[in-house]
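Asker: Sequence:
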Amino acid sequence: LYIEPRVMPDYAALIEAFKSAEGDVMGVPTTDQYARISVETNFETTPRLAAVRYGYPYYFASIYAPRDKGFTSVEDLKGKVWIYNDEGSTSGYVLPKMLFDREGITFSGVVKSGGHTNSMVALLEGQGDFCTGYGSPPLPPDWVAEIMPGWKWEYGMYPELWVWDPVANSLPSDYYRGACVDLRRAAAKLETYGDIWDIVEKIGIVDTIGPVPNDCIAFSPGFPKDIQDKIVEAIKEHIATPEGQALWNDPNFYEWNEVAEIDDTYYCEYRSLIGLPNPPTCGK
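With the working numbering, letter number 12 in the sequence shown gets 12, and the count goes up by one each step, no holes.
Simulated from the structure, these hints should not be mistaken for laboratory data.
Treat the hints loosely; a few may be bogus.
In silico DSS-like cross-links for lysine-lysine, where the CA-CA straight-line distance does not exceed 25 Å [unchecked claim]:
#	residue 1	residue 2
1	Lys202	Lys112
2	Lys225	Lys19
3	Lys225	Lys202
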């Protein structure tokens, strides 16, 4: 089986690639891209695998800002400069834009970075007042699993639990400190702006928007089912290996720990959220 890799120049180009495909395109669209691809291909595109990150089948958008700005709500962002990656990004643009429009928040300028990590870099370098991008649940310290088996952070809890103490306005002590695996971690991997805790001390979370289902691996209309099955099984096997984890779980790649088998109904609620039509399989 020979697969020709192609890097799309922007988010819209991937949607067009699925629309014009002749049964020979697979890709990894964002949640918003898949929702639009599904509609524009008459729901004939097939999502097969969804990302699972640290045990979570969903993610959300986060609004990041320097802590010394003192922003405490989205109202504080009025008249500021917004950094985002691309208009087709679910967490970088689509969800934040819906929130800002609903709240009547406008800006003095925008900076389009071209990538999630680029947005955080631009923020660290002072090119804007805040940035938007993907958020990830904070992970607790190891002892939590020992004394509270099965405990998980859930959406709606404090977004920097185990990562930042809002009372002391400082990092938690080593004992209470967990792991930060959101967009700040991707910037830390560059090893240019300090380690993850240096960045967490500088950059905080103003608010989150979501949750929404994770991105997926999808196949264009007409893609042979037997070949789909081979690719799906190969990905499931590969991601379970140490080599697969090193690749798929890289924060500058996809940062997937696992995959889950899905079908199109996985995205019914998201399409409804952004005002897109749903197929009959979604029900009412």
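Asker: Would you mind confirming whether the straight-line C-alpha gap from lysine 225 to lysine 202 stays at or under 25 Å?
Answerer: Cα-Cα ~49 Å, so violated.
Asker: Are lysine 202 and lysine 112 close enough, with their CA atoms no more than 25 Å apart?
Answerer: 21 Å, holds
Asker: Do the alpha carbons of lysine 225 and lysine 19 lie within 25 Å of each other, as the hint requires?
Answerer: Roughly 18 Å separates the two Cα atoms, so the pair holds.
In this structure, only the earlier hint numbered 3 is contradicted, and the remaining ones agree with it.
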